[in-house]
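Protein chains in written order, with this note's numbering: chain A, 12 to 279; chain B, 12 to 279; chain C, -3 to 301; chain D, -16 to 231; chain E, 5 to 267.
I should point out that these hints are in silico values taken from the structure, not numbers from a laboratory.
Careful, some of the hints might be misleading.
Derived Cβ-Cβ restraints for the label pairs, each shown as a range [claimed, not checked]:
1) Ala21/E / Arg166/C: 36 to 44 Å
2) Glu271/C / Leu29/D: 53 to 61 Å
3) Thr38/B / Glu69/A: 53 to 61 Å
4) Glu39/C / Ala247/E: 43 to 51 Å
5) Pro161/E / Gly198/A: 42 to 50 Å
6) Arg258/E / Arg222/D: 58 to 66 Å
7) Arg32/B / Leu36/E: 49 to 57 Å
8) Thr(-12)/D / Gly8/C: 20 to 28 Å
9) Thr(-12)/D / Glu76/A: 32 to 40 Å
10) Arg32/B / Leu183/E: 29 to 37 Å
11) Thr38/B / Ala21/E: 48 to 56 Å
These numbers come from a predicted model, not from an experiment.
Ideal placement from N, C-alpha and C gives every residue a C-beta, glycine not left out.
One letter stands for each residue in the lines below.
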Amino acid sequence: MTQTPPILHVDRLAKDYGSFRALDDITFDVAPGEFFTIVGPSGAGKTTLLRCLTGLLEPTSGTVEYQGQAVDGVPREFAVVLQDYSRSLLPWFSVEKNVALPLRAHGVAKAEVAERTARALADVGLRDAARKHPGELSGGMQQRAAIARAIAYQPEVLVMDEPFASVDAQTRADLEDLVLTLREEFGMTVVFVTHDVDESVYLSDRVAVVSKSPSRITTVVDIDLPRQRDQIATKELPRFSQLRSEVFAEIRNRVRDVDGPTSPEYVI
Amino acid sequence: MTQTPPILHVDRLAKDYGSFRALDDITFDVAPGEFFTIVGPSGAGKTTLLRCLTGLLEPTSGTVEYQGQAVDGVPREFAVVLQDYSRSLLPWFSVEKNVALPLRAHGVAKAEVAERTARALADVGLRDAARKHPGELSGGMQQRAAIARAIAYQPEVLVMDEPFASVDAQTRADLEDLVLTLREEFGMTVVFVTHDVDESVYLSDRVAVVSKSPSRITTVVDIDLPRQRDQIATKELPRFSQLRSEVFAEIRNRVRDVDGPTSPEYVI
Amino acid sequence: ACGGGGDELEAGEDGLTPLTVMQIPTMDAGPLHLGVEEGFFEEEGLDVEVRIAEAGSAIVPSVVNQESPIGYANAVSDLQAIDQGLDVKFVANCCAVGADPEADTSRIFVLPDSPITDVAGLAGANIAVNSVNNLGDLTIEVALENNGVDTSAIEFTPMNYSDMPAALERGDVDAIWSVEPHRAISESRGFTPLISNFVESFPDTTIGYYITSGAFAEANPEIVAAFQRAMDRANDFATENPDRVRETIVENLQIDPELVDQTNLHVFAPGLDEESVKVIAAAAVEHGMISEEPDYEEIFIRPGE
Amino acid sequence: MNRRTLLGLLGAVLALAVWWATSAGSTNVYYPPLPRVLDNLLEYWLGGAGTEHLLDSVRNLAVGLSIAVVLGIGLGMLVGQVRWLDRAVAPTFEFVRAIPATALIPFAMVLFGLGTSMKIFIIALGCFFPVLLNVIDGCRQLPATLLDTTRSFGITGWFRQLHVIAPAIYPRAAAGIRIAIPLALILVVTSEMTGSRIGIGFVLWTAQTSFNVVAVWGAILLLGILGLLLNLLFGAVERLTDRRYHRA
Amino acid sequence: MSALAPVPRESRLHAVALPAAVVVGLLALLQLLSVTDVLPRSYAPPPTEVLAALGRLLTGPALWTDIGSTLVGWAVSLGIAVVLGTAVGMLLGSVRWVQWLLTPVIEFLRPIPSIALIPLVVLTIGGARDGAVFLAAYAAVWQMLVAAIYATGAVDPVARDTARAYNLSRVQTIRWLTLPAMLPGLVTGVRIASATALIITVTSEILLGGVPGLGQGLNLARSAGDLTRMYAYVVVIGIVGLAINTVLTVLARRVVGWQGARR
Ligand SMILES: Nc1ncnc2c1ncn2[C@@H]1O[C@H](COP(=O)(O)OP(=O)(O)OP(=O)(O)O)[C@@H](O)[C@H]1O
Ligand SMILES: Nc1ncnc2c1ncn2[C@@H]1O[C@H](COP(=O)(O)OP(=O)(O)OP(=O)(O)O)[C@@H](O)[C@H]1O
Ligand SMILES: [Mg+2]
Ligand SMILES: [Mg+2]
């Protein structure tokens, strides 16, 4: 797909929880600067995949390489937004401190920490909530705080697990564009999980569809839309609708394929 | 709006967190059997409103009445799906037990508990995960477990706070229809919070739009679509698009109104 | 400092050698306090600090490790320590028993309405003592045997002296062993005295001694000698001034003055009474409290040697 | 045998080896060679006159500890959830808690007389507080979302106590019991310090006052072993209840 | 939403009057039992007499030096126990093989009564304050240790993942994540260990030689056969414990304020 060596290389990854196989034989590459999205039904194994990818979880078999090096422990250049955002914030620190924490941990100068923290908080619309504690935030605000922490970190690789699930449509659109802008600015690679097919097409360079567990990548859809995206213009492109339907069909297909039409997951 | 006396009556409700005013002068009624949805920007006060409505939180001023009685403590006929679903499941019980718990607490006969639990779990597509513990579920599965618990309870009033935030599009559609079906079957009243405008229009009889905090109800949109909804047919109706735009415009309006065009919340 | 070598004590700036002496909080301590107050120790070049410990079991190790180079323990405790191989030597007399039962500092009491009305009744009784396998049961058994009572069925229950009257009144024990000032307290409660077990077991015998560790004595012979000389003066002074003994006890042990007035005092004799040690050791062997009599050549720091 | 047991055994063997080696040639009367202590343990406590003392102590311990655990969990759940009650009794509890058992014994003797009930009282009282405090704090720190959930489904009364509160405080109660177990042994010994002619404590104190150091070490060894056994026992119980609560 | 559970507002009256009423009630009961001789009056002196003796003590200087010296002993031994117990507890709680290796040894040492160690301690450490501090720290450290081990289990796994995701160093993880999460458990541990440290400090003052403090005062009263004064000392000890706990509670509320209201 890309000529340059991949920044991430996932090779025949499998993960068992006890006797339960969550991931089965996952192989893909991510190119530097790419926006790579994973979609799939609930409980498929997307979170598991991200956790293996980032070194948070040890795979049962297979390997993950970051810039040619086997991943073992989260590489320093990664920032991760976990799905369970509300528990990923430390309740005893203010929002501001939560965002500043990774920067302080890595010895970034005080002034720069303050500046990057303030900017990230403003970016996600939490400027006024900087002094609040996580327990005093709404669900969506907590989620945005977790996002602010990741973008303030200015990672090489940004890994996000359903990061916009709890925010309203307008904020979501704004945050989508924010991530795209930051990617341009810092040349970040983004690995993203979402349930929103529109979102996946709008944001990505490629969308991987995973099947129900034991999860495999069934298709990777190339999003051949112009790189410069716009919430209105891009979504009005006929190609957008085509790709959207393609991904959607793929998800439905995989579900039907694997479980047949009477899968309890989808018959109510 | 409705001739019958309201099942829920909210009168000049206000809520302060310390010196911070989250809700300001909220007044509305919900008719028996109605599907009432609240939408609004992240951090507006929707969760706060639901918590006051259900008696989980004491309002600073104003009253909530359920069937003419002041609400003080959650009425027994309510079931609530909290936004922070992952922490609302008891980690020491299996999914099954979590779902069965409220029923057992109210002395429902064993056989019936088993039957209702099994049905609710099947309804949300968790039949195979019944024996798992919450920590072994994916985010979306946890959310569905919390939903299953509420529907197995067969409440008079079902209160749900962004209940489908973490599930994929297909599951979401299925769960939407599930809630509509159950409402018909049991004559439930539903109070619902969502960020998805399409969802709010598709599901509701009325949609209330709340402004940023201090939160007020700015408009209540009557959804005059035929009562029988269908994921494809209903959404293809021109009236659906109209209503959708109306709600969306209302949300945008309120945001602009209150904060002006340079609100940090929406300028990136 | 586990008793291997002796640390030499150095005099302080005032020319006095600081010396810690451990005592238990009983009336036995009178002469020692008087010696400090009257300056007998100072005149011998010693700056004595008296420290209070609950029992001999804490004092002996502190003597052995020379934290408190000199300490008090009753003869039975001293002999038991020596019997177990601890490096303990007798230094000076503390207190002795006289020959007049009425003046004894120790007594066995029963309730006035007790079925036990005489010494013979104590056979098979349950008697409270402050600790078992020690001076109390030894003197009681010897005293009773001297009175022709079979002691084999007697049971001894250990408890604090201050808890004994309550235990007696509640009937938890049949008799209690009280030493001053608890003897006076028991008397004032109207309990019936049966026997003065010190006088009737070991009359005219020294029962309490100051001890030191052999290692300390070897390293500091002058200090031990100085202590002996001062202690002799203190014992003499105490014998001549019983009122001063009572005063110093009231002050240092915070005992009610009226109560102290009703107490009997020990006999305070100067010197180091070796014969008494032998008498008690023989009885202790007989009653199974030590395995054998010690080597008497080894256990005394004889004054003037 | 799993790794855990193996490592534990290794640790125990290492510790014993160190004890053995350092005491082997010891001429210090207060630190007798381990074989002599082991002899005392085997001959006196396990096979000889000490067994009677051992059994008496163990019985008191079992009764006292059980009372403490039951009362501690029960009252702790009550006080932890009823705020005014906590307000009312907390100072009194804190007052009593600070008083050493040695200083309480005279009062306990007046209340109960000499003998078993006094000893059990001392043991139960001392062990009661760690359990109580842990349970109270556990109740305080229940996650808010969890409480909201139970409230929103109207889960109340016994059911709530049994199925929600109890499992939630369970780890804290277990921590309290773990603290109480060795405390119980200590209090057994303390309670036999005075007014008793039977029990491990009685033997220990008598040995101590007559400088029978080998017997003192023998009693210490015995107490340590009892502590280990009780701990293993509780570990098994914990795993069992854990399975009940967290797996069932 | 992880909002804090609402703290019911309480009047000051509630906070003071209620416990006071309980105390007064208990005292009245004791007085009644003692005066009617249900509890033998001469061995369980009525509260009024004990309070009178307490009054006499309060006016003298001796009691205050005793309190001061006991508090010093308590503070030093608690400090040692808390630091040591927390450090080792965290190590054991986070490195499983160390825990497995040491558990039997620790469980063996824990039930050994520190008072049974007195002769050994006197011999090796000395009988004065050093020995008392050692004994009290010995007794308290185990409680801190157990509390710390259990508290390490209180760290939310998602938060732990976050720390790993951002590559926080071990020290940073401990400072920012582990310790704060452990705090509620540690605070309980401190409160339990504090009482133990006080109890053993007083007990050592009774049993060891030459350690001035409330224990020695109590012991002198007991040896003098003055039960009323002895109970006055018991009351002082209880009040000191209560005061310490109140201070700790206020501190704890500060430290774990984010947890919501606590005792
Ligand atoms: N710790 C665990 N122990 C056992 N099973 C687990 C564990 N975590 C996840 N699973 C199982 O693995 C499967 C995949 O879970 P995962 O969280 O990766 O799904 P997901 O694709 O992220 O779903 P969602 O979109 O709902 O978040 C699920 O069936 C889940 O039950
Ligand atoms: N416990 C609390 N203490 C202080 N402030 C709070 C507390 N809970 C919520 N708030 C504030 O109240 C406002 C409304 O919060 P609420 O959770 O009701 O919003 P929401 O509409 O549910 O948002 P979202 O869609 O993001 O969940 C927010 O600004 C939040 O910071
Ligand atoms: Mg997931
Ligand atoms: Mg909300």
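Hints and how they fare:
For Ala21/E and Arg166/C, the Cβ-Cβ distance of about 38 Å falls inside the hinted range of 36 to 44 Å, so the restraint holds. Here the CB-CB span from Glu271/C to Leu29/D is close to 44 Å, at odds with the stated 53 to 61 Å. Judged by the Cβ atoms, the range 53 to 61 Å given for Thr38/B and Glu69/A holds: they are separated by roughly 55 Å. Look at Glu39/C against Ala247/E: about 46 Å separates their beta carbons, and that is inside 43 to 51 Å.
For the pair Pro161/E and Gly198/A, the beta carbons lie near 33 Å from each other, so the given range of 42 to 50 Å is not met. Between Arg258/E and Arg222/D, the C-beta spacing of about 37 Å breaks the proposed range 58 to 66 Å. About 55 Å separates the C-beta atoms of Arg32/B and Leu36/E, a value consistent with the hinted range of 49 to 57 Å. Hint check: Thr(-12)/D to Gly8/C, Cβ distance near 59 Å, so the stated range 20 to 28 Å is violated.
Between Thr(-12)/D and Glu76/A the C-beta distance comes to about 39 Å, which sits within the given range of 32 to 40 Å. Between Arg32/B and Leu183/E the Cβ separation comes to about 35 Å, which falls inside the hinted range of 29 to 37 Å. For the pair Thr38/B and Ala21/E, the beta carbons lie near 41 Å from each other, so the given range of 48 to 56 Å is not met.
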